[in-house]
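S.K.: Now for the letters of each chain:
Protein chains: 2
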Amino acid sequence: MKKGVVDNRLYGGIEAGGTKFMCMIASSPNDVFASARFPTTVPEETLECSLAFFQDHSRKYPISALGIASFGPLDLDPESPTYGYITTTPKLQWSNTDITRKLKTGLNVPVVINTDVNAAALAEYIWGGEQKFDPLLYITIGTGIGGGCIVRGKPIHGLIHPEMGHLRIPQNREEDPFEGICPYHRNCFEGLASGPAMQARWGLPAEQLPDDHPAWDLEAFYIASALVNLILSFSPRRIVLGGGVMSQFSLFSKIRTRVKELLAGYLYPPAILDQLENIIIPAVLKDKSGVLGAIALAMCHFESFPCPD
Amino acid sequence: MKKGVVDNRLYGGIEAGGTKFMCMIASSPNDVFASARFPTTVPEETLECSLAFFQDHSRKYPISALGIASFGPLDLDPESPTYGYITTTPKLQWSNTDITRKLKTGLNVPVVINTDVNAAALAEYIWGGEQKFDPLLYITIGTGIGGGCIVRGKPIHGLIHPEMGHLRIPQNREEDPFEGICPYHRNCFEGLASGPAMQARWGLPAEQLPDDHPAWDLEAFYIASALVNLILSFSPRRIVLGGGVMSQFSLFSKIRTRVKELLAGYLYPPAILDQLENIIIPAVLKDKSGVLGAIALAMCHFESFPCPD
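Quick note, the sequences are listed as chains A and B, same order. Sequential numbering of the first sequence, starting at 1, is according to the numbering used here. Sequential numbering of the second sequence, starting at 1, is according to the numbering used here.
Hint data in this document are derived by calculation from the structure and do not stem from the laboratory. For clarity, every value in this text was computed on a predicted model and none was experimentally measured. Check before you lean on any hint, since a few could be wrong.
Each pair may be met inside one copy or between any two copies, as identical chains are not told apart.
Think about it this way: if two alpha-carbon atoms lie no more than 30 Å apart in a straight line, the pair counts; the simulated DSBU-like pairs of lysine-lysine are [claimed, not checked]:
{"id": "1", "residue 1": "K91", "residue 2": "K260"}
{"id": "2", "residue 1": "K104", "residue 2": "K154"}
{"id": "3", "residue 1": "K154", "residue 2": "K132"}
{"id": "4", "residue 1": "K132", "residue 2": "K286"}
{"id": "5", "residue 1": "K102", "residue 2": "K91"}
{"id": "6", "residue 1": "K254", "residue 2": "K104"}
{"id": "7", "residue 1": "K154", "residue 2": "K260"}
{"id": "8", "residue 1": "K102", "residue 2": "K260"}
{"id": "9", "residue 1": "K286", "residue 2": "K104"}
One chain only, chain A, in its complex shape (with noise of 0.2 Å):
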């Protein structure tokens, strides 16, 4: 047994992408066996893919069980009779199918599902430090935006789960006439802020615009507003930024600068205020926090993580 391996099981992860699927063999992120991506087509083929990959590599790497981190909306109520589904996305071809069923049944091995947030959120709780913190908040901005929380060494979600994506968050139409692009509440936090929303407000991809272009404050003024918003509801020890957007790495400066501007003194004693380069941070787990939060799920199946549940 490989060193850093807690118990004898292999994990299998999915980080189902809208535009690729990811998928890994490890039992932690020092120990990974084996890994994959497929790109996002239709469901039959895809699952197809990724199902394919576990049995072929069944004999060398079984998997004890397989966790799956998905795009959502998900219904992830273990009462109803579409537990698992992917509900109501945009991406149509994806609506209302349930992603666990053929990898269940091809693999035979327990299926865990979440969303890709919480389970990012999971991995950077898990294995982002030596030290755990919580509540940690996992958001992405990328193509779309998403947040994860874990409280208590849990994911939270009630009624469905958290969709911090969609908050309504002030906007300036004087000196921000865009009008956002989220085809369900037009300016909500996604409809300003994503990477489309970028580049329909700046015509030009977020990658592509220069450092220092005028379009980098404004983001990190409506991620800040949403941070914000995130703090007083949450009260977070962490917040990991992921996704496209954040490897603009001179964001983060940005987004701390205006919390504090924004919070004004309230909240929090100035000592901590001047502690936000260790609340706000980029994913430690870098790229990889979604397909080991997969993993992390997986795990969840046998409780054989640390959890102060």
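Following the hints, complete the assembly by docking chain B onto the known chain A.
M.R.: Just chain B, lined up with the frame of chain A:
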């Protein structure tokens, strides 16, 4: 022992509010043995009155623990030298006040402190019906606005505690040019929608505004905006609304209608959106949520209430 008492202990509770202190000795909402209220003056005097109340009853009704449900902000970090202090309240005479020490010393019982809204949320969670709704949010809209949340049976707090009254919500300044009255953030939720904000905007105290006054539609809109953000953050199973402003009962249906409009069919399947009257509700414990929350906090010390954790 009276029916409904689950153990033989009695508990003390104090709801420490900005205008009054409510004191109670009880073991459940149906087993209240003594209660009193004192005006909130200066700490020395008000805490002395509260201490005397419990001491006077101590022969007949000795308490096993005391819960304090306090206005804030509070220092709830057990590691902090100022644990249990009211910190930066605008109520200056109470700023930097150790609210627990005098009572702990005088009564010689364990003292458990939390925010008034976390405590009220806990009381509504435990005693608000047969079924437990988790997560459960409690929001009070009155002189100030505050919110607490129960996740997996316990109040949420991290770095400090939630301050949901200061959420940033969109305001259409063309339709509502009101500047907002929050001394920290001007037009945050509390700045736009607290009782004093209504009075400043309309020139009349909320309770004197007629039922058909446009104030109530605007008020419902702002409350709904904040609730939408909290729904998108926590995905709560129940949202309990209390406080003076919510005694305008027609607000409930207006708020539900606005929440549904603002969510715009996203998030919840329509079937759930049609059940908002079971999700957004008035306090089951009426104006006793806070002080019974204090009793619940005291019970927490002995973990003597059913808690899913």
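S.K.: Confirm or reject each hint.
M.R.: The hints, checked one at a time:
no.: 1; hint: K91 x K260; verdict: between (37 Å within a copy, 23 Å between copies)
no.: 2; hint: K104 x K154; verdict: within (23 Å within a copy, 34 Å between copies)
no.: 3; hint: K154 x K132; verdict: both (12 Å within a copy, 18 Å between copies)
no.: 4; hint: K132 x K286; verdict: within (18 Å within a copy, 38 Å between copies)
no.: 5; hint: K102 x K91; verdict: within (20 Å within a copy, 60 Å between copies)
no.: 6; hint: K254 x K104; verdict: neither (44 Å within a copy, 45 Å between copies)
no.: 7; hint: K154 x K260; verdict: both (28 Å within a copy, 29 Å between copies)
no.: 8; hint: K102 x K260; verdict: neither (48 Å within a copy, 35 Å between copies)
no.: 9; hint: K286 x K104; verdict: within (29 Å within a copy, 48 Å between copies)
Hints 6, 8, counting from the list given before, are not met by this structure.
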